[in-house]
Every structure is written in C-alpha cells, then in structure tokens.
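Throw the hints in and build the complete structure from the sequences for me.
As a plain string of letters, each chain reads:
Protein chains: 4
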Amino acid sequence: MTRRQRLREAGYEIEQISGTGPEIDPELLKGSIEGFLGFAKVPLGVAGPVRIRGTAAQGDFFVPFATSEGTLVASFQHAFNAMNRSGGAAAICGNEQVSRAPCFEFASLAQAHAFACWLPSRLTLLQEITARASRHCRLLALQASVIANTVYVVFEYSTADAAGQNMVTLATQEICERLLLDMPQTPLSWVTESMVSGDKRATPMAFRATRGRNVSAELVLRAKQLSRYWKTDAETMERTWRQGVNGAAQTGTVGLQGNVANALAAIFIACGQDAACVAEATTALTRVERTRTAELYASVTLPNLIVGTVGGGTYLPTARECLALLGCAGAGMARKFAEICAVVALAGELALVGAMASGQFAHAHAAGGRKERGSTSEGGGA
Amino acid sequence: MTRRQRLREAGYEIEQISGTGPEIDPELLKGSIEGFLGFAKVPLGVAGPVRIRGTAAQGDFFVPFATSEGTLVASFQHAFNAMNRSGGAAAICGNEQVSRAPCFEFASLAQAHAFACWLPSRLTLLQEITARASRHCRLLALQASVIANTVYVVFEYSTADAAGQNMVTLATQEICERLLLDMPQTPLSWVTESMVSGDKRATPMAFRATRGRNVSAELVLRAKQLSRYWKTDAETMERTWRQGVNGAAQTGTVGLQGNVANALAAIFIACGQDAACVAEATTALTRVERTRTAELYASVTLPNLIVGTVGGGTYLPTARECLALLGCAGAGMARKFAEICAVVALAGELALVGAMASGQFAHAHAAGGRKERGSTSEGGGA
Amino acid sequence: MTRRQRLREAGYEIEQISGTGPEIDPELLKGSIEGFLGFAKVPLGVAGPVRIRGTAAQGDFFVPFATSEGTLVASFQHAFNAMNRSGGAAAICGNEQVSRAPCFEFASLAQAHAFACWLPSRLTLLQEITARASRHCRLLALQASVIANTVYVVFEYSTADAAGQNMVTLATQEICERLLLDMPQTPLSWVTESMVSGDKRATPMAFRATRGRNVSAELVLRAKQLSRYWKTDAETMERTWRQGVNGAAQTGTVGLQGNVANALAAIFIACGQDAACVAEATTALTRVERTRTAELYASVTLPNLIVGTVGGGTYLPTARECLALLGCAGAGMARKFAEICAVVALAGELALVGAMASGQFAHAHAAGGRKERGSTSEGGGA
Amino acid sequence: MTRRQRLREAGYEIEQISGTGPEIDPELLKGSIEGFLGFAKVPLGVAGPVRIRGTAAQGDFFVPFATSEGTLVASFQHAFNAMNRSGGAAAICGNEQVSRAPCFEFASLAQAHAFACWLPSRLTLLQEITARASRHCRLLALQASVIANTVYVVFEYSTADAAGQNMVTLATQEICERLLLDMPQTPLSWVTESMVSGDKRATPMAFRATRGRNVSAELVLRAKQLSRYWKTDAETMERTWRQGVNGAAQTGTVGLQGNVANALAAIFIACGQDAACVAEATTALTRVERTRTAELYASVTLPNLIVGTVGGGTYLPTARECLALLGCAGAGMARKFAEICAVVALAGELALVGAMASGQFAHAHAAGGRKERGSTSEGGGA
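Each protein sequence line maps, in turn, to chains V, L, F and X.
Going by this note's numbering, the first sequence opens with residue 104, and the numbers climb by one from there.
Going by this note's numbering, the second sequence opens with residue 104, and the numbers climb by one from there.
Going by this note's numbering, the third sequence opens with residue 104, and the numbers climb by one from there.
Going by this note's numbering, the fourth sequence opens with residue 104, and the numbers climb by one from there.
No lab work stands behind these hints: they were computed from the structure.
Warning: the hint list may mix true and false statements.
Identical copies look the same in the list; a pair holds intra-copy or inter-copy alike.
What the hints assert, rightly or not - Pairs of lysine to aspartate or glutamate, DMTMM-like flavour, derived with a Cα cap of 25 Å:
id	residue 1	residue 2
1	Lys334	Glu280
2	Lys327	Glu277
3	Lys133	Glu118
4	Lys327	Asp163
5	Lys334	Glu277
6	Lys327	Glu338
7	Lys133	Glu398
8	Lys327	Glu280
Quick look at the structure:
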C-alpha cells in the first residue's frame with residue numbers, strides 16, 4: 104500500500120496535493136495574488152510520524168515538506184526515527200506577540216524626549232482603539248527609544264492565530280493617526296515601520312522580546328540511538344556542535360543554529376506560511392550537549408517564529424491539506440503548529456550534527472541528491 | 104486577451120504553471136524528494152515587463168512570483184512601471200564563488216599553527232583534485248584561521264551555473280580526506296562544515312568574500328515618476344530610508360535592507376531555487392539617496408545570492424517554465440538570473456520605501472490583502 | 104598666563120594633575136588595587152570650553168582627556184570651537200539602569216517554563232530584598248527568557264550615581280539565593296551572570312533597554328562654521344557619513360558610530376571611570392544630516408554609557424580633580440556627567456567626519472602625531 | 104621586602120611608576136598631547152609571575168595593570184597561580200596586519216565595476232609607493248567590494264612593531280592620491296576611511312582577516328588546580344562557559360568572550376597603548392572545554408589586537424617602565440607583547456568562569472571592592 108493510500112485510509116484529504124482534486128477556482132485567490140498565471144508546483148514529501156509531547160501538540164505527526172533539495176525529507180525521517188526511539192520530543196510555545204515599530208522625527212531632542220515621556224500615558228487609549236478596530240488584534244505594550252530628535256516606538260500586539268503582519272500594520276497606522284491628534288508636539292515626519300520590528304530579517308531582538316511565537320523543543324537522545332542512527336556518541340555530537348558554535352561565532356551571524364532554515368522553509372511553503380519569514384526565523388538557538396550519563400540533550404529555541412493557522416496563504420487548497428495533516432487547520436491551532444515547527448527544526452539540527460559527527464556530511468549529499476536510493480529501512484510507513 | 108494568452112502568443116510555455124500540461128512523471132522527481140505525496144501549489148503571479156540594462160540580462164522581462172501575500176505582485180508591478188519610465192535599471196553580477204569551511208582540531212595550538220602554515224602549500228594539489236573530481240567545480244582559494252588548537256579553513260569554489268552547495272560539499276570532503284594523508288600532524292577530529300561558510304544564515308562575511316553571486320542593481324528615479332507613482336519626492340524618500348537605516352542599526356541585523364526577502368522568496372519558489380537560502384540572501388545593502396538634481400539614486404547589492412540555472416530544483420516543470428520566461432533556463436544563465444534577481448529586489452525596496460514615504464504603508468496592505476481590487480491602470484499588460 | 108594658571112585662577116584644583124600636590128597616601132587605594140606599585144601616568148590635556156545646553160549639564164565646560172594619541176585633544180578643541188559658534192550642543196540623559204542576568208538550568212523545558220511563569224509574581228518581594236540590602240540599589244524590573252531547559256533572567260536596577268556593576272552583582276547574588284528558597288523546582292545549576300547583560304562588550308540590546316545611562320546630544324552646525332572649520336558643506340558632510348554608514352553595514356559592527364571610543368576612553372581614564380566599559384559604550388548611534396536649509400544636523404545617542412560620579416575610581420586624586428573640573432564630583436552628578444560625555448562624543452564624531460569631508464583625514468594625523476605644531480588660533484584659552 | 108624592592112633588586116626600573124624618578128619634561132610630550140595640564144594617575148598593580156611558553160614570549164612575567172577596579176589584580180594573581188601549577192600557558196602570535204579602507208563613489212555601477220576590476224593591476228605600483236614613503240609600512244594586499252556605484256577597498260599593511268594606525272592612514276592617503284592620477288574614471292567623491300577597517304569598533308571581520316596582531320593562548324588546567332583554586336571541576340567550568348555562550352548568543356555581541364576588556368584595558372593603559380582600541384579587541388573567542396581526561400582545556404584567540412612596542416604612547420615614562428617589566432620595550436617586541444596580552448586575557452577568562460563556577464562571582468566582588476583584605480596566600484611575591 105502506498106503512502107498516499109495509507110494517509111487516505113487514515114482519513115486525511117490529500118486530493119489537491121496529489122493532483123486528483125477539482126481544479127482550484129481562481130476566485131478563491133482574490134486577495135492573495137495579482138497577475139495570476141497559475142501555480143508553482145513544489146514537490147511535497149512527507150516524513151513521520153514524529154512523536155511530540157508538547158503543551159498544544161501531543162501525539163504522532165506526519166510532517167509535510169515542500170522542497171526540491173534531495174535527501175532533505177529522508178534526513179528528517181531518519182532523525183524522527185531516532186527521536187521516536189528516545190520517546191519523542193517535548194515542546195512548549197510560550198509568548199506570542201508581533202511588533203510594528205513606527206518612528207517620529209521632531210524638531211529637537213527636547214521635543215522627542217517629551218513625546219517619549221508622554222507616550223506611555225496613552226497606552227490604555229491606544230489599546231481601546233486597537234480593540235475596537237480589530238476582532239483579533241490586541242495592543243499589549245509599547246516601548247519608546249529616543250535617538251536624538253527621533254523617537255522609535257515598538258508596539259507589541261497579540262494577533263490570535265494569524266501570523267498577523269498586516270493586522271499590526273493596520274493597527275499601527277490607526278494608532279499613529281490617533282496620536283497625531285493630541286501629541287505634545289507635531290512631528291516633522293513619521294513612518295509606520297522604521298525597520299526596528301525585525302520584519303523579514305534576522306535580529307537578536309527576538310531573544311529579549313518574542314517576535315511571533317516563542318517556542319522551544321527538547322529531547323534526550325539515548326546513546327544507543329546515537330550509535331544506531333549516526334554511528335556516533337554524545338561526546339562526539341557535543342564536540343561537533345561546539346566546533347560549529349565556535350565557527351559561527353567568527354561570522355557575526357545572529358543566534359546560534361545550524362540549518363533551521365531548511366526545516367522551516369519546507370514547512371512554510373507546504374503550509375501556506377510566508378516563506379520570506381524564514382529569514383527572521385533563523386534567529387534561533389540550538390543546543391547539543393552531553394549529559395552526565397553520556398546521553399545527548401538537544402534543544403531548539405525559536406523566539407521569532409512568524410506563523411499562523413488562519414489568514415495569509417493558509418486557506419489555499421494544498422496548504423489547507425498540509426495543515427490538516429498536522430491537525431492544525433484553522434483557529435486555535437497556532438500554538439500547536441509552532442510546537443510542531445520547533446520539533447521539526449530540532450530534528451533538522453540533529454540530522455545535521457549527526458551527519459557531521461559521523462563524517463557523513465558529504466556522503467549523505469552525494470548519495471541522495473544524485474541517484475536512486477533504496478527505501479529507508481523503517482519509518483515513512485504511511 | 105488574458106495575460107496567459109499574451110504570454111503564450113509571445114512564445115512562452117506556461118502549460119505546467121497554468122495546469123493544462125501533462126501530469127508530471129514521478130520518476131522525474133527521483134533525487135529531489137523523498138516520501139513523495141504530490142505538490143504544494145503556490146499561487147504564481149507575473150509582473151512586468153521590467154527593463155534591465157545589465158551585463159548579462161538585457162531587455163524587458165516578465166517576472167514570476169510564487170506567493171500568497173496579497174499586494175506583493177501588484178507592488179512590484181507598480182515599481183516596475185516607475186522604473187521603466189526612468190529608463191530601467193542597470194545591473195552587474197561580479198564575483199561568483201561558494202565556500203565550504205571545514206575545521207580541524209589538533210592536540211595543541213602549536214600543531215594547529217603548523218597546519219595553518221603548511222596548508223597554503225597544497226593549494227595547487229587540491230585544485231587538481233577538485234578539477235579531476237568534478238566537471239564544474241573549481242577550487243579558487245583557501246584561507247585558514249587559527250582558533251587555538253583548531254584551524255578553520257574556508258575553501259572558495261566556482262560552481263559554474265549551479266547553486267553549488269552539494270558540489271562544494273563533495274569537493275571539500277575529498278579535499279579533507281586527501282589532506283589527512285600527509286598533513287604534518289593528524290587532527291584529533293575534523294568536520295566538513297564548521298558553520299563558518301554562512302550556509303543558510305545571514306552573516307556579514309559575504310560583503311568581504313562573495314558567497315554565491317555578487318550582484319548590484321541601480322537606477323536613478325526621476326522626480327516626476329516619484330511624484331506620479333508615490334506622491335513623494337527624492338528628499339522624502341531619502342529621509343524615510345535614513346530613518347529606516349537608523350532603525351535597523353538599533354537591532355543588530357546583518358546588512359542594511361528593507362525587505363529583499365519578499366522578492367527573493369517569491370522568485371526562488373517560482374524558479375526552483377532553494378528557498379532556505381533566502382535567509383542568507385538578506386545579507387544585502389540597499390541605498391536610497393537624493394542626487395544633487397533632486398532625483399533619486401537607488402541601489403541594491405546582493406553579495407550572497409545562492410542561485411543556479413542548472414541543478415537543484417531548476418529542472419522541475421513549473422520552475423523550468425519560470426526560468427524560461429526570464430530567458431534563464433539552463434547552462435550559461437546564472438549571471439543573467441542573478442542580475443534579474445537584483446533588479447527585482449531593488450523594485451521591492453523602492454516599493455517599500457515609496458509606500459512608507461507616501462504614508463501608504465498600511466493603506467496598501469489594507470486595500471490589497473482583503474478585498475477585490477480594480478485592475479492596475481498600466482503594466483501587467485501581458 | 105598658562106592654561107594651568109588660568110584654571111587655578113578660575114578656582115579649579117589641579118594640584119594632583121599637575122604634580123604639585125602632596126603624594127597620594129597608599130592607604131587611600133585600599134579596595135581599588137592590589138599588588139600596588141605606583142601609578143601609570145597618562146598625559147592629560149584639556150579642551151574647551153564647550154557650551155552645553157543640557158538638562159543637567161548647562162554652561163561652558165573644560166573637558167579633560169587622558170591620552171597619548173597626538174592631535175586627539177586638538178581635534179576636540181577644533182570641534183568645540185565650531186560647535187560653540189553654532190550655539191553649543193543640547194543633551195538629555197533619559198533612562199538610567201544597569202542589569203545583571205543570571206541563568207537557571209533545570210531538568211526540563213517544562214520546569215524552566217514553570218519557573219519563568221512563576222518568577223514575575225516575586226517581583227515585589229525581590230524589590231524589597233534589594234532595597235533592604237543596599238542604600239542605592241533598586242530593582243526596577245525583571246524579564247525572563249526560556250531557552251529550552253534554561254531560563255535567562257535580566258534584572259534591571261537603578262544604582263543612583265554609581266556606575267553600579269558591583270552593586271548589581273551583589274543584589275543579584277542575594278536575589279538568586281532568595282529565589283532558591285522557594286522556587287517551584289530546584290535548578291540543576293545556576294550562575295549570577297550569564298553574559299546576557301552586555302557587561303564589557305558591545306551588543307545592540309542597549310538600544311531597547313538602556314544599559315547604564317541613556318543619553319543623546321545634538322546640534323545644528325551652521326553652514327558658515329562648516330566652511331570655516333572644515334572647508335566643507337552640509338551636503339559633503341552628509342555624504343561622507345552616509346558612505347561610512349554603508350561601510351559599517353558591511354562589517355557586522357554593533358550600532359552606527361565613527362570613533363566614540365576615542366572620546367570616551369580619554370574621558371574615562373581622566374575621570375576614574377572603568378575604561379573596559381569603553382567596549383560596550385561603542386553601542387552608539389551617530390547621525391549627520393543635511394537640513395532643508397543646508398545646515399548640518401548632527402547627533403550622538405549613547406544608550407549604554409556605564410559611568411558614575413561616586414564609587415569606583417572616582418575618588419582617586421586626579422580623577423576627583425577632573426570630575427571637579429566638569430562640576431561633576433560626587434553624588435547627584437551622574438546625569439550631568441553623562442550629558443557631557445555625549446556632547447564630547449558628538450564633538451569627536453564631527454571632528455572625524457569633518458576631517459574626512461575636507462580630505463584632511465591623513466593630513467591631520469600627519470601634522471599632529473609627528474612634530475610641533477603652532478598654537479591653535481582660538482580656543483584652548485584656559 | 105616589599106614588591107617594589109624586589110622588582111628593583113631584580114633589575115627593573117620603576118622610578119616613574121613609584122614616583123621617585125625625575126619629573127617628566129613636558130617637551131617629551133610634544134606630539135602626544137595638546138592642552139597639556141599634567142597626568143592622570145591610574146593606580147598600577149602588578150601580578151605575576153605568570154609562566155608563558157610562547158613563540159616570542161618565553162619565561163616568567165610580572166604583568167602591570169592600571170586600574171581602579173578592586174579585586175581585578177588579585178583575580179589575575181589567583182589565575183596566574185593556578186596556571187603556573189599547570190605548567191603555564193602556550194601562546195602564538197600569527198598574522199600581523201592593519202587595514203585602512205577608503206571608498207570611491209563613481210557616477211555609475213559600471214564605472215565602479217571597472218575600477219574594481221582595474222585596481223588589482225596596480226598592486227605592485229602601490230606597494231612600491233608605500234615602501235618608498237615609509238621605513239616600516241608595507242602594503243600586503245588589497246581587496247575591493249562593489250556596492251553599486253561605490254567601491255570599498257581594504258588595504259592591508261604590515262607596520263613592524265608599531266600599532267600603526269597613523270602609518271596606514273598616511274600610506275592610504277598617498278595611495279589614493281596616486282590612484283587618482285590614472286584611474287579609468289574619476290570618482291565623484293572619495294574618503295580615506297569608510298568605516299570598513301574596523302578601527303575602534305568590534306566587528307567579526309578580524310576573524311577572517313587579522314586586524315593588528317592575531318594571537319592565541321591556551322593551556323590545560325589540571326583537575327587538582329581547579330579544585331584547589333576555584334573549588335570546582337572541569338565539567339562545571341565547561342557547563343558554566345556554555346551557559347555564557349548561549350547567553351551571549353542571545354545578545355548579538357561580536358565574538359565570544361567573557362571580559363577580555365578588563366585585562367586589555369588595564370594592560371593598555373599601563374603600557375602606553377591606545378585604550379580606545381579595547382573596543383575592537385573584544386572581537387575575541389574564548390574556549391573552555393572539558394578534556395576526555397576531565398582536565399580543562401581553555402584558550403583565548405585575539406584576532407584584532409592593536410598593540411605596538413614603538414610609537415604612540417610607548418615612550419612615555421611609566422609606559423616604558425611597564426613594557427620593560429615585560430621585556431617588551433622597543434623594536435622587535437610586538438609579537439612578544441601580543442602573546443603576553445593573550446595569556447593575560449586567558450587568565451582573566453579563567454578567573455571569570457572560575458568565579459562563576461564556584462558560585463563566588465558576587466562574593467569576590469563583595470570582598471574585594473569594599474574593604475581590606477588579607478594578603479593572598481601565594482604569588483604576588485615580587
């Protein structure tokens with residue numbers, strides 16, 4: 104029985120993915136695309152199940168990856184198998200907020216300082232305005248920084264289960280216009296977004312103030328599985344990672360991670376997320392550490408995960424099927440989806456470090472990206 | 104006549120994109136995907152033409168974007184129109200190289216230092232080895248850094264028209280194994296990639312040593328077009344950008360750019376590129392400057408553009424059609440494709456800054472992402 | 104009349120600086136130095152007066168610089184003269200706080216998450232503990248970040264007029280020990296400072312949450328003075344700075360500034376501050392912008408200025424005299440001192456950009472660092 | 104016998120430091136200071152000896168620290184003692200070079216590209232010009248980056264035993280003026296330093312291309328000494344450092360180090376170095392790792408150490424005595440001095456991590472900075 108058949112028997116709809124469903128009505132796409140010509144078709148593979156012991160995500164999950172990078176799905180399957188044999192991964196999605204950061208330029212530092220001192224007194228008013236204007240968007244906090252005659256303000260919002268970038272843009276526009284009515288001094292100029300929010304670029308700021316969802320995943324890999332799956336041990340994994348950490352520290356990169364971009368790009372494209380946000384989601388922190396009992400502690404923290412289960416491209420037919428495959432379609436599912444993303448990113452980090460530790464980094468690429476491979480001995484059983 | 108019809112009349116094949124072509128033979132995907140289930144279908148819109156006066160890319164181009172972010176394609180169309188009326192954009196792709204960065208850990212600093220001193224003497228030998236092992240991969244240079252008992256080596260390669268990440272991984276594996284045969288001292292451990300290369304993450308290193316293709320695009324926008332398309336002037340655009348620059352400087356981000364991730368993610372997905380590389384391509388530098396004659400000089404430099412026109416996902420049916428739409432399918436086209444990418448990124452930056460300068464940042468998002476829009480008054484004419 | 108005589112006539116004590124005072128009693132140094140051998144004597148020059156229109160610093164100030172970099176004091180004198188002729192500089196010291204950032208590692212992500220959720224409930228208790236333990240140290244806020252099984256906590260304190268690093272270390276030690284008594288779970292390990300505070304290293308974090316004193320200085324330089332002092336104009340100054348900004352953006356540096364380290368190192372050594380904190384004070388943002396009337400707006404923002412007017416080395420004889428020269432000796436003077444520091448840093452930035460704009464960057468170094476110079480035509484009049 | 108007496112008996116001159124020498128002739132200071140008023144007197148303590156097994160620095164060294172931070176010298180003494188009992192530290196100074204980075208702005212990208220392609224052909228000519236103009240300065244290499252219409256050039260020089268910043272400024276000025284005579288196109292503007300060199304600010308660039316001296320120090324600390332000196336073990340030290348690494352990674356700092364600024368600021372002030380260069384010297388990489396035999400491997404790499412033993416403030420009386428104390432006064436001593444700096448920085452890192460690992464971080468500060476202390480049980484014996 105093929106994987107498709109098994110997933111169908113398990114009740115999953117994959118008609119659009121497998122190309123057997125009805126043609127997509129272009130009317131559906133209004134608001135998502137202009138100059139519409141058709142669809143880019145990105146190969147979609149499934150790995151899994153992976154066992155997740157999260158707060159919102161609990162159970163065994165088949166994960167869809169949209170990619171054309173050979174061996175990528177296989178290496179996730181490999182890591183999932185190793186993880187499952189160690190009991191799966193834990194995950195918790197903590198804070199959730201998205202920011203917009205307008206700036207206001209005044210005639211002088213004195214005026215700027217006065218505005219920055221006055222602004223916090225308006226928080227309640229601005230919260231009411233935001234709540235009136237949107238069903239889902241809530242203003243949580245604001246923070247002002249004086250850069251000589253200019254004040255940069257970070258407004259932090261919650262956006263329910265949407266990724267929320269448009270929502271917070273609209274809210275901030277409204278807030279700014281309201282502020283202009285009674286600020287102590289009129290600014291010479293202002294813009295809605297001053298590149299402080301971190302939108303579409305990696306910055307370390309998310310480590311201090313979550314951007315999107317803040318989620319961690321962790322697990323302890325048993326020595327036996329390290330040996331079985333990567334012919335290595337915890338000490339070698341730890342050393343390999345530390346060599347990478349010291350390498351990364353020479354480059355001025357943001358955060359500390361291996362290739363979470365691989366995992367997230369593939370899931371984002373599959374699940375109708377904004378793939379440009381992969382840039383900022385690389386603000387991540389991976390840990391790979393030997394425990395006292397010679398097992399391997401590994402974790403990934405993603406403090407800047409811009410994802411949603413409503414809005415954006417989530418309603419598109421194949422994205423909808425992918426989200427449904429994860430049990431994440433629709434409202435109330437963003438935390439769950441974030442936890443799954445973190446676990447998958449963790450699997451990717453383990454696959455990377457495991458391959459390097461076992462000296463198979465190049466061999467894996469050589470074997471996979473070029474020619475036919477035999478079937479994996481286990482997993483991928485759907 | 105619809106856009107599809109016009110493109111077909113102009114001789115472009117868009118059967119796979121528009122869903123009227125034959126079903127894709129799964130055999131074709133061997134080596135690109137595992138756990139194959141079908142395809143993620145990402146809406147594909149076209150904007151253009153945009154006039155490019157590049158070294159490799161010359162003429163008027165229709166650009167495919169795979170995205171579900173509403174208004175994205177429309178805002179590029181808007182910018183293309185403004186750019187065309189100012190004569191189009193210039194572009195030059197300069198350096199081309201991709202790196203791998205293994206590290207070797209020794210018993211002592213003295214041994215590491217000795218290895219670093221010895222290594223350059225092997226360059227010619229390693230170049231021969233690389234050339235023998237691959238038709239396309241050439242070792243250009245190597246550079247060693249001593250971090251106490253560990254030497255981090257950056258090998259720079261040319262990879263012809265392929266993105267080349269796998270190619271350089273294989274070459275580096277071979278080089279490392281050859282080095283192990285006669286290095287002065289045997290390392291205690293070594294890995295093929297030590298996170299110094301910048302693979303899948305933004306680092307400023309590409310500004311000093313190109314990663315992928317290094318390409319710049321520029322144009323001078325006439326005051327009349329600024330007024331016409333964004334109801335603004337060069338002074339306001341310059342100030343808006345400078346406010347953003349000072350904003351970005353507060354965040355610890357890499358490079359200096361607005362949202363090149365938007366442009367590149369959409370083109371990468373359309374054209375079969377590795378979308379995870381959007382993370383590193385945000386290592387970019389945008390400039391928006393008033394000229395003495397009150398026109399606007401704008402440029403984008405992408406020193407870290409990992410793209411190819413052969414290999415990877417470029418052979419996939421819809422990717423192939425998109426590359427062909429740009430006249431970039433196959434060997435000999437990587438520079439041309441890189442120049443187009445830079446011009447499109449530049450358009451995106453102008454669209455962003457223009458919208459902010461005209462105070463329409465939120466309005467554009469509000470209008471576009473939510474409801475039907477009337478057709479754009481010009482452009483999009485295909 | 105020599106400068107020394109003038110300063111003495113003006114009532115300033117400079118006996119220790121000029122070497123005519125009594126020998127320093129080694130007993131005085133207890134607590135400041137071990138293995139005491141004597142004193143490093145760093146040449147001390149004075150530039151000024153510089154006119155400051157600050158909130159705390161108001162008037163004309165002679166500024167002491169301890170340095171052996173030839174031309175440094177002269178270039179500040181030159182900039183002070185130009186600034187005075189444009190009315191002097193404004194300055195405002197806003198926020199004041201210093202952080203310590205312990206971390207707590209738990210057995211699991213779940214325990215870490217629980218601790219992070221519980222911790223804010225203890226804020227009032229911890230504030231009381233801090234207030235009881237110290238006359239000057241007050242706990243303002245705390246913020247916890249979950250990195251898998253480890254919680255990093257930033258405690259923000261006010262430290263009155265002391266720089267405060269030791270004060271916050273002691274307070275945090277006490278807080279941690281108190282927390283250990285009743286936290287929900289006992290951590291596996293913890294440390295008082297986890298390198299998140301930014302102590303002794305540049306990080307962009309201070310832009311979001313002040314570290315030390317947060318102070319801005321600004322002025323508008325008249326076209327006439329630009330021409331007179333640097334043979335340049337506002338447009339050239341702006342362009343020169345922008346070229347530097349685009350240069351800095353290629354390097355992965357923190358903040359955006361020219362050489363504030365020069366100004367701050369020289370003042371810090373003179374005034375008994377911790378010179379190692381120059382490293383973090385380079386987290387700064389300089390602006391150099393042409394106004395619509397072709398004058399030059401220039402500003403410096405220092406969000407990470409670790410300075411004090413009590414404690415540390417401020418009581419040392421020559422430091423005391425230097426602080427007194429600025430009217431900043433003792434309690435209640437830290438804001439004033441911070442504002443002066445910002446204005447001096449601004450002067451240094453103007454001197455740098457002015458020299459580059461006028462093409463005299465090398466010439467200035469050549470003339471000054473090598474041979475005798477004639478006296479400056481104005482200023483330095485003390 | 105006091106420390107002073109012992110050092111004198113050992114043949115070291117410390118008359119200026121101890122205040123018993125002749126008054127300094129102000130004539131001596133010409134070229135080093137303007138607006139001369141006298142001297143800032145910074146308390147100078149000595150720790151040592153520390154055993155160094157370097158390439159240039161070999162033997163036991165007494166190290167001078169100019170600081171008013173209580174406990175600083177004592178904590179170095181403590182670390183020196185621990186290091187000596189493990190055989191001392193190894194050190195190697197590798198590359199030595201200093202850069203200047205002018206930029207040239209042209210009318211177009213095409214012109215800029217042409218200049219960048221042409222420039223390398225002039226290398227030999229420029230090397231000859233540099234060699235003719237200076238006895239000590241040699242042009243080693245150049246590297247050009249095209250940022251649209253502007254070319255940023257990094258010129259790398261050797262500067263013998265001088266720190267060399269002024270030397271390379273003059274050389275670059277001369278080079279630029281020579282280039283202007285026959286470059287293919289005349290630039291619209293140019294500046295001698297475009298903030299790419301990393302002068303006075305931390306950037307990761309030095310990890311790829313040494314700035315100043317590139318030096319590493321390392322040692323293996325025996326378990327017995329860890330227990331004796333810090334009541335800890337290698338596993339705890341490693342974990343403590345790793346917690347710090349993961350902390351630093353959240354902040355966007357450059358490099359990976361604890362507090363090398365403390366060590367370097369104190370030595371720089373003592374030895375007549377440019378204290379403002381502490382800012383860039385924090386571009387460092389520290390490692391603290393458990394070995395397989397449960398000992399502790401520790402190292403510091405400083406790729407950006409701007410130091411000299413001739414020129415600058417090195418000739419000043421107390422600086423001269425301090426350099427002589429290290430056997431580093433005058434020509435031919437820069438590598439030796441760099442190796443000593445690295446070992447001292449390493450001692451500082453060990454002291455920091457040791458204090459944290461033993462839970463004494465705050466206690467050390469509390470005891471030292473406030474009140475009298477008994478004499479240390481060993482070391483400090485001079």
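Going down the list of hints, with the structure as the test:
Proximity of Lys334 to Glu280 under the C-alpha cut-off of 25 Å is restricted to the inter-copy arrangement: shortest distance 19 Å between copies versus 61 Å within a copy. For the identical chains of this complex, Lys327 and Glu277 are neighbours neither inside a copy (58 Å) nor across copies (30 Å), given an alpha-carbon limit of 25 Å. In this homomeric assembly, Lys133 and Glu118 come within 25 Å of each other (Cα to Cα) both inside a single copy, at 22 Å, and across copies, at 22 Å. With identical chains, the CA atoms of Lys327 and Asp163 are at most 25 Å apart within one copy only, with a shortest distance of 22 Å there and 49 Å across copies.
Proximity of Lys334 to Glu277 under the C-alpha cut-off of 25 Å is restricted to the inter-copy arrangement: shortest distance 21 Å between copies versus 58 Å within a copy. For a Cα distance limit of 25 Å, the shortest separation of Lys327 from Glu338 qualifies both inside one copy, at 13 Å, and across copies, at 23 Å. Taking the shortest alpha-carbon separations for Lys133 and Glu398, neither the intra-copy value of 52 Å nor the inter-copy value of 36 Å comes in at or below 25 Å. Taking CA atoms no more than 25 Å apart as the test, Lys327 paired with Glu280 passes in neither setting, with 61 Å inside one copy and 28 Å between copies.
Violated hints, in rising order: 2, 7, 8; the structure is consistent with all others.
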